[in-house]
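Colleague: Sequence:
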Amino acid sequence: MTSPLAAGVVVALISLLAVLGPLLGLSPWWIALAVALCLGGLSLDAFRFGGRGGHLLAEAMPGGQLRLRRIATHEAGHVLIAAQEGMVVRQVLVGSLACLRVGLSAGGTTELEPPASAKLALEDLRRWSRVLQAGMVAEQVIFGDNVGGADDRALLGRLWGLSGHDVDTAQREQRRARREVEQCLRKRREDLDGQAQTLLAAAPRLGRGRGSPPDSSHQPPSGAAAPTEDSGAEPGR
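The numbers in the numbering used here rise by one with no breaks, and the one at position 213 of the sequence shown is 213.
Hint data in this document are derived by calculation from the structure and do not stem from the laboratory.
You may find that some hints are simply not true.
What the hints assert, rightly or not - Taking lysine to any residue pairs in the SDA-like style, the calculated list, with each CA pair at most 25 Å apart, reads:
(1) Lys119 - Thr169
(2) Lys119 - Ala170
(3) Lys119 - Leu155
(4) Lys187 - Arg172
(5) Lys119 - Asp168
Said to hold, decoys possible - Simulated restraints, written as ranges between beta carbons of each label pair:
(6) Leu66 - Ala154: 25 to 33 Å
(7) Leu206 - Gly161: 38 to 46 Å
(8) Glu85 - Gln171: 18 to 26 Å
(9) Leu206 - Ala116: 35 to 43 Å
(10) Val167 - Pro62: 43 to 51 Å
(11) Asp168 - Gly63: 42 to 50 Å
(12) Val147 - Arg186: 38 to 46 Å
(13) Arg158 - Lys187: 24 to 32 Å
(14) Pro62 - Val147: 15 to 23 Å
Remember, predicted model here, so these are calculated numbers, not experimental data.
Where a beta carbon is used, it is the ideal one built from N, C-alpha and C, also for glycine.
Please model the entire structure based on the sequences and the hints provided.
Modeller: Set out below in structure tokens:
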């Protein structure tokens, strides 16, 4: 739940409590205490967790494993295709807690070695198109849709925008890259599931100790080049 949405929910609950509280016989003092706790919780979330406290709690709940599995699947797609393309992966983080530990406000991220130049050759743009879209495609292959990848699309758009190629070429090449990645990941469904499970097993959660997120020590599927590594892939910070 985003901070604005959380704040809206709290305001709505406070308003409802103010109306129904007296009818239910609740003391104004209890209502005031509830309001103070809600507002204090929002302030703590914004200060300590960058507004991602709701995500942390959601991932710690029994149903949070499914949310983390989707994130792990997204990042696994990046890892597999980056290895296939010979691109260096610096770090993979799955879950809000893993990201917050390193100062990122995200649900998951795959950090890639940045390109040597802002203006890339066409073949390099094609490689980046495959790698950056791999997370979204992985979600599509496993879950039938994708909910993450906004940052991936934005970064890919910037790379193509700096390239000097026209919009039609950029869109055509991105569609082609997405088809190629989908064909690859459907053929490697078992590898995708295995990589996602590896990342999921190492993802830290509230109340589950201080497990370390996976990095270059995790092993890629058989036949893939060893990677050295959000909701997305990003070049190195």
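Colleague: For the pair Pro62 and Val147, does the Cβ-Cβ distance stay inside 15 to 23 Å?
Modeller: holds (20 Å)
Colleague: Sort out whether Arg172 lies within 25 Å of Lys187, counting only the CA atoms.
Modeller: holds (23 Å)
Colleague: Please work out if Lys119 and Thr169 have their alpha carbons no farther apart than 25 Å.
Modeller: Answer holds: Lys119 to Thr169 is near 15 Å, not above 25 Å.
Colleague: For Asp168 and Gly63, compare the CB-CB distance with the range 42 to 50 Å and indicate the outcome.
Modeller: holds (43 Å)
Colleague: Taking 38 to 46 Å as the stated bounds, is the beta-carbon spacing between Val147 and Arg186 within them?
Modeller: violated (19 Å)
Colleague: Given the hint of 24 to 32 Å, is the C-beta distance from Arg158 to Lys187 inside that range or not?
Modeller: holds (30 Å)
Colleague: Falls inside 38 to 46 Å, the C-beta gap from Leu206 to Gly161?
Modeller: Distance hint for Leu206, Gly161 holds at roughly 39 Å.
Colleague: So if I understand the rule, the pair passes when the alpha-carbon distance is 25 Å or less; does Lys119 with Asp168 pass?
Modeller: holds (18 Å)
Colleague: Quick check on a hinted range of 35 to 43 Å for Leu206 and Ala116, using CB atoms only.
Modeller: holds (40 Å)
Colleague: Taking the CB of Val167 and the CB of Pro62, does the distance hold inside 43 to 51 Å?
Modeller: Holds: the Cβ-Cβ distance is about 46 Å, inside 43 to 51 Å.
Colleague: Does the Cβ pair Leu66, Ala154 satisfy 25 to 33 Å?
Modeller: Holds - the Cβ-Cβ distance for Leu66 and Ala154, about 26 Å, lies within 25 to 33 Å.
Colleague: Hint check: Lys119 vs Leu155, CA-CA at most 25 Å. Holds or violated?
Modeller: holds (13 Å)
Of the numbered hints given earlier, the model fails hint 12 alone.
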